[in-house]
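Following the hints, put chains B, C, D, E and F in place on chain A, whose structure we already have.
6 protein chains.
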Amino acid sequence: MGPEVRESIVKGVQLPVATTKINMVDLPLGATEDRVCGTIDIEKALTEGVKAFEPGLLAKANRGILYVDEVNLLDDHLVDVLLDSAASGWNTVEREGISISHPARFILIGSGNPEEGELRPQLLDRFGMHAQVGTVRDAELRVKIVEERARFDKNPKEFRVSYEAEQDKLQEQITSARSGLSSVQIDQDLKVKISRVCSELNVDGLRGDIVTNRAAKALAALKGRDNVTPEDIATVIPNCLRHRLRKDPLESIDSGLLVIEKFYEIFS
Amino acid sequence: MGPEVRESIVKGVQLPVATTKINMVDLPLGATEDRVCGTIDIEKALTEGVKAFEPGLLAKANRGILYVDEVNLLDDHLVDVLLDSAASGWNTVEREGISISHPARFILIGSGNPEEGELRPQLLDRFGMHAQVGTVRDAELRVKIVEERARFDKNPKEFRVSYEAEQDKLQEQITSARSGLSSVQIDQDLKVKISRVCSELNVDGLRGDIVTNRAAKALAALKGRDNVTPEDIATVIPNCLRHRLRKDPLESIDSGLLVIEKFYEIFS
Amino acid sequence: MGPEVRESIVKGVQLPVATTKINMVDLPLGATEDRVCGTIDIEKALTEGVKAFEPGLLAKANRGILYVDEVNLLDDHLVDVLLDSAASGWNTVEREGISISHPARFILIGSGNPEEGELRPQLLDRFGMHAQVGTVRDAELRVKIVEERARFDKNPKEFRVSYEAEQDKLQEQITSARSGLSSVQIDQDLKVKISRVCSELNVDGLRGDIVTNRAAKALAALKGRDNVTPEDIATVIPNCLRHRLRKDPLESIDSGLLVIEKFYEIFS
Amino acid sequence: MGPEVRESIVKGVQLPVATTKINMVDLPLGATEDRVCGTIDIEKALTEGVKAFEPGLLAKANRGILYVDEVNLLDDHLVDVLLDSAASGWNTVEREGISISHPARFILIGSGNPEEGELRPQLLDRFGMHAQVGTVRDAELRVKIVEERARFDKNPKEFRVSYEAEQDKLQEQITSARSGLSSVQIDQDLKVKISRVCSELNVDGLRGDIVTNRAAKALAALKGRDNVTPEDIATVIPNCLRHRLRKDPLESIDSGLLVIEKFYEIFS
Amino acid sequence: MGPEVRESIVKGVQLPVATTKINMVDLPLGATEDRVCGTIDIEKALTEGVKAFEPGLLAKANRGILYVDEVNLLDDHLVDVLLDSAASGWNTVEREGISISHPARFILIGSGNPEEGELRPQLLDRFGMHAQVGTVRDAELRVKIVEERARFDKNPKEFRVSYEAEQDKLQEQITSARSGLSSVQIDQDLKVKISRVCSELNVDGLRGDIVTNRAAKALAALKGRDNVTPEDIATVIPNCLRHRLRKDPLESIDSGLLVIEKFYEIFS
Amino acid sequence: MGPEVRESIVKGVQLPVATTKINMVDLPLGATEDRVCGTIDIEKALTEGVKAFEPGLLAKANRGILYVDEVNLLDDHLVDVLLDSAASGWNTVEREGISISHPARFILIGSGNPEEGELRPQLLDRFGMHAQVGTVRDAELRVKIVEERARFDKNPKEFRVSYEAEQDKLQEQITSARSGLSSVQIDQDLKVKISRVCSELNVDGLRGDIVTNRAAKALAALKGRDNVTPEDIATVIPNCLRHRLRKDPLESIDSGLLVIEKFYEIFS
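Quick mapping for you: the protein sequence lines, in order, are chains A, B, C, D, E and F.
All residue numbers for the first sequence refer to UniProt numbering, where the first residue is 1 and numbers rise by one.
All residue numbers for the second sequence refer to UniProt numbering, where the first residue is 1 and numbers rise by one.
All residue numbers for the third sequence refer to UniProt numbering, where the first residue is 1 and numbers rise by one.
All residue numbers for the fourth sequence refer to UniProt numbering, where the first residue is 1 and numbers rise by one.
All residue numbers for the fifth sequence refer to UniProt numbering, where the first residue is 1 and numbers rise by one.
All residue numbers for the sixth sequence refer to UniProt numbering, where the first residue is 1 and numbers rise by one.
The set of hints was computed from the structure by calculation and includes no laboratory data.
None of these values were measured; they are calculated from a predicted model.
Think of the CB as a built atom: it goes at the ideal place given N, C-alpha and C, for glycine as much as any other residue.
A portion of the hints provided could be inaccurate.
[As the list claims (entries may be wrong)] Straight-line alpha carbon distances no greater than 27 Å define the calculated DSSO-like cross-link-like pairs of lysine-lysine that follow: (1) F:K262 / D:K144; (2) F:K60 / E:K11; (3) D:K11 / B:K21; (4) A:K154 / B:K223; (5) A:K157 / A:K169.
[To be verified] Partial list, computed: chain C residues near chain A (C-beta under 8 Å): (6) T135; (7) R142; (8) V146; (9) R149; (10) R151.
For reference, chain A alone in the conformation it holds in the complex:
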């Protein structure tokens, strides 16, 4: 994935293609920047005297998913690198007199406990969607989850088999949604209303508008429709905008509620 391939792509050369499963790469807490971005192969450098590039996790995650647990505890600079790559689709390494770029198109998923520390506002803004996960309060449901977990611990294989059909159905639904996505339409009127929500909530930049449009389309495609409905937008807009609102330090209610309030004000 060195410069030669890039040149070939630029020249339009037809390269041989191999089909593989989508990678799910897990970034272990404490991985170094070297391991993430790739580095010089010391062994080759010492034995053969050449500067060889050893690809990192970003290269491995290319065309797949990169998952980071406790993303809020990662070094800001490393998060920056991840978001840069996720946004541009290329990882560029500039060090020790070497400049290498390779494609790094992946979906970045981060999770974390906000009580342990928050991301910088600007970094938060660069995440497309932001979901809040709470704890189930219903005791019966809790017991059910505890039992599922015990069932998994007893026999992981059997557990997976019992959910196979459900998982296959979901996978099919996603695959079909992916192929139908490009033909999903969104009315001009709805687009303007989305932008009005963003503008009246004082969302900086246009990432909020763009992401809401995309997410609404994706949801419509998942439901098998080729037209976005206001309900689609209502479902996705809190997750698309919640983290882009300026925090009022005196207010403790979830920003998502402010978004949905403004949605109803403008859409009805």
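Only chains B, C, D, E and F this time, still in chain A's reference frame:
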């Protein structure tokens, strides 16, 4: 314990088995991450020019017990590594262009003086159980302990022999409990009540529910029963939940008392 | 671009000339000073035993444009190096017993979010012009931008083609303005008024005066005129002086408004 | 003192014995952990390619006395290492893939000025006894000390000779006390009273009880008796418990006085 | 400029002399101490196995001028080194077992913006004179400077030629002042009055007195006189003493005014 | 000055003696601990493969004077090393598996500006005497010093010659005082009074008493007497005790005045 063994396990290859005593590994204060997780063997790297993995304490503790004194003074990152391994059963090392995983299934036991510093709430939450140890106030009992200690200092061998029968009985009891554990049952009604205690105490996540279920079953097995009683739960639940409650900085009573209060409110 | 070339330039030797496109060099976040200024070539040093200079991004940006995103997050010292080179047109590296200078004439463009941190006042003062970029509040316009972006994402090539004519026209306009710039005149009376604005706004130093004169001339040239009008000055003066005013911490209005107010007071 | 010796000891092999003077090792301020615990012999590693252990001050102090001036200014971690070794009698080094243990049985004596910084409470607690040293206020006595010092400075040899008889007598007394120590008895009633003092002073753990018992026996042995008297206990108990009391920040009286007060309350 | 030359100087050996232009050495922001003081030549050390000294900027500035922009942002330790060398006329390097001294007689000129940070009082005190530079407020004059700058930017060569006569006259004046300096006299009465000003302003040490005497003589010499007048003293004394006064944090007026006030009080 | 010499001294071997001038070693600001204490000779280690000791400034200062300017800005640890060596007369280096001791008997003189930072109380206490240096306020005297300095700058050689007789006389006086010092007596009554001053001023330890006795004897010897008078004590006691008094943060008068007050109270 390199990737080949993992592959063999995945392929279902039957590997030769050796029976050994359970290891009790002591993590000395000030051990480096290299020593804990394993590192590259410098000698081999320099003399043979290959990157060989030198296993660390986690590998040594595999299928045994890892004991950490003053766990609250350990670097947060190192505790994280320990808990990750303890939870997943695998230790993954990603550095200098090497990615190695080996099984690291061990029971982690930590001790410490909370007045010297606390663990981060999220780390505390990942410990299964949390016991509080106080000092004996009864003078006669203190004298007895002092005498036992003096007896040990005088002749450690003789001291150990005098307790051998008692120790053997305890070992037998544990072994028998281990084999009986899988057949211990817990009533649906008790499970729901456990989850109600957790839910009403605002315990985040479901680790509290899972651990209480497991600990109650283990206690029943130790007592030779195959059914969990409310008394079993009453015995273990303060240790399972005490450290998962949000601290109220104005309140100084032990969280365990709050747990037991809630237990009696729900179970009677 | 070592000392020999400098000597040749000093001696007036006629060097062979090659015409190339203007470089647009992007400084990636986290680039090291070595990579920016150039460093010793380790490979050559080890294998051939000589100290060879490996040029950095400043050398690459020579006679072009150097763009730095999030310039306010760059290490102050690195910004200093950039501004020194941008001002003097030479990059001088003094380290490990080596002193090398090479021409580094480039236009420096930085962008950043001031809420994430400000540049030191003295550094700010060394930027020629300072533009403030806000978010469009008009929903219809937002939708239009979102649609343009979607059109680009769908087919970047087609998108670029659709703007080619417009871009070519702009390029021509700039080229013609460049050649006409040296004949643009500015009346003595206007010059004095510019300096009165600077003086009455308590702008330290004379960079503000010099830059306003140059920017007004450049604007006149872009509009195809050879005489600066008060309107030209009104257009450029807020961007030339906004960042050179002492901040009054109690006042939250944009400094650009203070500049334009003073402009009208003095020019009418 | 490598693993082979340890194995031999475990196997009960009879090793040859050499009689030497007791070592008095002085830990110089600023000694590194390497120098204290021992490290890899770099010379051997480089020239012979083997990992050889080079013993440190702990090995040198084995079966002797280790003296640390300004122990309160030592790095907490280093004090920890010293106390661990002093307590267990073994020094274990775990680094760079090496694990070495050697016997390190020594008496640790530390001194320091508490106004320059205090030891962590938990470390303080691990010192057996804690003596407070004040300055003589009587002018005549001060002059006598000054004169002794001047006499020493003038002729150190002569000074030492003049005290030789006194020193010899003291040494004999200690040797005889050592051999008589194991036959010294302490009444059950006195033991309970010691533990009552500890318990009522809220001393955490049982180190206070154990040390007081041992110190009282040692004092009786030094006085040539084979029975501990309440006076023996009164003499040693302030030094054994003074540093184990929780500090009341509002109270400035010496903790030793609180100990002696409680002693008289319980023993009479 | 190694020890051999020093020895020769001590022995009075007549060394060959070469006449060169006075060096004007510019200390680039971010130069390392190695580069300033000189260091070991790594190349020679590795290839020839000897410790060779590679002279730094101080050696280059010998018998010339060393200019440091933003001297207030330099590391205090580096400023210290500069002032030590400037004061003693020798640069002594003590490191890695080498001790080398070479003459480093230069005039040190520093500039900086005090709003960006101040020098330590003691460092300030070691600068001979301290001038304050303000911004011209007169608009006509500002325009003239802007025009001069534009003229320079258009044709630097021509600009320099136009000032050549003026520059030559100034150079001549300085050369003649230098040769006349040793015969300039200052009346005993004036000397006492200078010391009274210093004493009554509570200037610590005698650097203020010495520098004022020298500066007044230099000014008289520049004006072609061989006698210092009170006017000479009035001209130089604010710059010689301004930075040696203790700052009263509540007073914001320039210390130079306090100096001139005291001057008039004592001299009239 | 390695261990062999030490052994020879211990064995009483008669070593050849060379007479040299007393060294005056200047510790340059920023000298490393390696350079002060001595270190391993890298050159020898690399070329000959042996660990050779390269002596530092302490070895050079042996039997001479070590002068440290700005001693209050030195790293506390380095000052500690200096005082340890000055007190014990030996420099012990313990690092990288080497333990070397060599004699380091020198007189340590430090100077500094207390406004720039104070020494730790315990370090201050280890300096024998502490003199305060102020600025001359008398203008005539200031002029005289300025003139002397100008005379030195003009012709250093001539200046030194003009003071030679005076210097020689002083040197003779010191030499004669040195030889007479051992026969100087101090009355028992005066000794007790000195210790009473120390005791009533709450001086910790006995260094104050010892130093005052020594300094008074030295002064008597310098004056050619063989008996200490109360006037001798009055002269030296403020310098011997001033820095050993606990600072009362609310009091700003010089501690030396408190000492002299107490002196008159007790001696009359």
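For each hint, the structure was consulted:
Note on K262 (chain F) and K144 (chain D): the hinted pairing holds, with a Cα-Cα distance of about 22 Å set against a maximum of 27 Å. The suggested pairing of K60 (chain F) with K11 (chain E) holds, with an alpha-carbon distance near 24 Å, which does not exceed 27 Å. About 20 Å separates the Cα atoms of K11 (chain D) and K21 (chain B), which keeps this hinted pair within 27 Å; it holds. Annotation: proposed proximity of K154 (chain A) to K223 (chain B) holds, straight-line Cα distance about 22 Å (limit 27 Å).
With a C-alpha separation of about 19 Å, the suggested pair K157 (chain A) and K169 (chain A) falls inside the 27 Å cut-off, and the hint holds. The interface hint given for T135 (chain C) holds, since its Cβ lies 5 Å from the closest Cβ of chain A, which is under the 8 Å cut-off. With 8 Å as the threshold, the beta carbon of R142 (chain C) comes within range of chain A, its nearest partner Cβ sitting at about 4 Å, so the hint holds. The closest approach between the C-beta of V146 (chain C) and any C-beta of chain A is roughly 5 Å, which is under the 8 Å cut-off, so the hint is satisfied.
The interface hint given for R149 (chain C) holds, since its Cβ lies 6 Å from the closest Cβ of chain A, which is under the 8 Å cut-off. The criterion of a C-beta within 8 Å of any C-beta in chain A is not met by R151 (chain C), whose closest approach is roughly 12 Å, and the hint is violated.
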